[in-house]
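In case you want the letters, here they are:
Protein chains: 2
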Amino acid sequence: MATLKQVAAHADVSVQTVSNALNAPHRLRADTLERVNRSIELLNYRPNRNARSLRTSAVELIGYCVPSWPNQTHLVMDQFLHALCAAAERTGRHILLFTAPAGVDGMPTYEDLHARRMVDGFVLSQTETHDPRHGWLKDQGIPFVSFGRVWKETTQPGPWVDVDGAGGSAMAVRHLYETGRRRIAFLGWPKSSGLAEDRVAGWRDACKVLGLPTAGLVVRCREDSIDDGARATAQLLDGGRDIDGIVALSDILALGALRELGRRGLTPGHAVGVTGFDDSPLAEVVSPGLTSLRQPMDQIAEELITILTGPAGEPAERLLQPELVIRGSSAPG
Amino acid sequence: MATLKQVAAHADVSVQTVSNALNAPHRLRADTLERVNRSIELLNYRPNRNARSLRTSAVELIGYCVPSWPNQTHLVMDQFLHALCAAAERTGRHILLFTAPAGVDGMPTYEDLHARRMVDGFVLSQTETHDPRHGWLKDQGIPFVSFGRVWKETTQPGPWVDVDGAGGSAMAVRHLYETGRRRIAFLGWPKSSGLAEDRVAGWRDACKVLGLPTAGLVVRCREDSIDDGARATAQLLDGGRDIDGIVALSDILALGALRELGRRGLTPGHAVGVTGFDDSPLAEVVSPGLTSLRQPMDQIAEELITILTGPAGEPAERLLQPELVIRGSSAPG
Chain A
0 MATLKQVAAH ADVSVQTVSN ALNAPHRLRA DTLERVNRSI ELLNYRPNRN ARSLRTSAVE
60 LIGYCVPSWP NQTHLVMDQF LHALCAAAER TGRHILLFTA PAGVDGMPTY EDLHARRMVD
120 GFVLSQTETH DPRHGWLKDQ GIPFVSFGRV WKETTQPGPW VDVDGAGGSA MAVRHLYETG
180 RRRIAFLGWP KSSGLAEDRV AGWRDACKVL GLPTAGLVVR CREDSIDDGA RATAQLLDGG
240 RDIDGIVALS DILALGALRE LGRRGLTPGH AVGVTGFDDS PLAEVVSPGL TSLRQPMDQI
300 AEELITILTG PAGEPAERLL QPELVIRGSS APG
Chain B
0 MATLKQVAAH ADVSVQTVSN ALNAPHRLRA DTLERVNRSI ELLNYRPNRN ARSLRTSAVE
60 LIGYCVPSWP NQTHLVMDQF LHALCAAAER TGRHILLFTA PAGVDGMPTY EDLHARRMVD
120 GFVLSQTETH DPRHGWLKDQ GIPFVSFGRV WKETTQPGPW VDVDGAGGSA MAVRHLYETG
180 RRRIAFLGWP KSSGLAEDRV AGWRDACKVL GLPTAGLVVR CREDSIDDGA RATAQLLDGG
240 RDIDGIVALS DILALGALRE LGRRGLTPGH AVGVTGFDDS PLAEVVSPGL TSLRQPMDQI
300 AEELITILTG PAGEPAERLL QPELVIRGSS APG
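Chains A and B, in that order, give the protein sequences. For the first sequence, counting from 1, position 321 maps to 320 in numbering that gives the first Met the number 0; every step adds exactly one. For the second sequence, counting from 1, position 316 maps to 315 in numbering that gives the first Met the number 0; every step adds exactly one.
No lab work stands behind these hints, which were simulated from the structure alone. Source: prediction; values computed, not measured. Every residue, glycine too, gets a C-beta built ideally from N, C-alpha and C.
FRET-style restraints, in silico, Cβ to Cβ: (1) B:R221 with A:E110: 46 to 56 Å; (2) A:G140 with B:D111: 25 to 35 Å; (3) A:E322 with B:H129: 30 to 40 Å; (4) B:K190 with A:P131: 48 to 58 Å; (5) B:K137 with A:I325: 45 to 55 Å; (6) B:V324 with A:E110: 35 to 45 Å; (7) B:D297 with A:A330: 36 to 46 Å; (8) A:T266 with B:A214: 34 to 44 Å.
Okay, chain A solo, but in the shape it has when bound (with noise of 0.2 Å):
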């Protein structure tokens, strides 16, 4: 059988790149790709995801730091752990939970746990902008897999899984596009926050290429509330722009809208479209429903666990695309 490196010279590209073929398509042009996907098939190669990069141990456990409240909301992470669960269960693994304090504090957590055995490694989420945790586990060498990037920084050590931000935003303009909105607003977050980055430049973007105008259409919201959304909207509805569409960076603020819409008798999905993301259980319980993109859980958690107990060494990198759930709040205008 083949070898990564014969695939490499048949190609006539670094392994590096074989590597990224497989793990990361997204880092190469469309030709390079075609070309060793082609040395791949010729060659007959075959990534050995069976060999195991996590010791084997007589506890196969993963860890999952449970994310500390209240400083953070999360709506969804009731079904991304279930998602988690089962993912781990079809590989006969199971996730063992524990609390650690934020940021490198808790890294001393993480050691012991894995010098104990009692976890062969672990999935971070929560990722922040410039998270220490990535680095300082691979610098240990203990295997880890992220959801979520770590955001401003040039490479980010070790593999991770992540929901295209960008593309769901895009997605978002297109839709509300088609159903005939041309002045469409973006409410977001704080420069700060990488996320928040991602998804307004996703927004834009669409505009762009749809001709579509983005000056003074974006607001940031400082925090993530329902009123600090129907702020926004207040302030893009009396900004004499004539807006009939607003993509909103999370439910919460996308309520905000709703709620305004609502205030001043404009009934939203008719005079004004608006979508959300994250499609969390609030999506459903208000009326209209709210059209929201949803992170699409089971890939992520499938993509999560098969990288952490394949082969290690190898860079994984997927960027998954969210799925568009379209309710009331952006029916026809």
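Once you have looked at the hints, place chain B on chain A.
Frame of chain A; chain B shown alone:
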């Protein structure tokens, strides 16, 4: 050192009564409880909290089944899991998460995890009316403790910890009364829910004690949605009963009440005081903030772990009081 039996003989009660005095004092008449407590003190009896009912195994893990979605919304599940992990860790244990089918179909999964010594015992939650898990686990001799009661059964198999829903509703009624409200309605769920009946009973009792009307002031919503809460509120406001307070069985129904009041130009917290249940993240993101009954998560988790890791055999039943978190939705009218 005195035994349970000696205490029983001294107080002239059964061993079961002494056990109740220790673990379920609310079951005893005040004079019996006092007599037993005096005997306990005189004989210097101390329940042996160090005797471990859970088998000592290599891995000190407690199993918790992640509730399935999307059938249920768990807006405070992250809070519960964080508290449960922290409490387990204070005893040197961790939480093992797993998935299982609902009801008796899931029981083989519990049995298997216990038989393979993956876990020492289980914490159950999302307890349902006539929940079959408790009796099954008890019959198998598998250690467990339940967060939540099995409603509509005369006796519940195994120990439990729960929050006093009736007491919480009564607390909300008294608070609204103290802020000047005299016609306080209740937004609930269908009668089939034991939890809902518990909470409506607390509302009714408190209203009666305070001499407030109850007739025609209960609306049972079919679903736990903002929409149903708003519709029920409209029905109450149009019913000619001039209501000035609403105790809602959930934060989601309460949000519906706030929306309907807002739609009619009535300022929530002024014209009509509104309270919710659970103090979910929703309560803080609306404006005015929603007054809500918070479940004492840390205390709940502490009791669950103490019971599960404590001596077996003694029935333990702990009914904890929720805490009323007051916000703008119930400001003085």
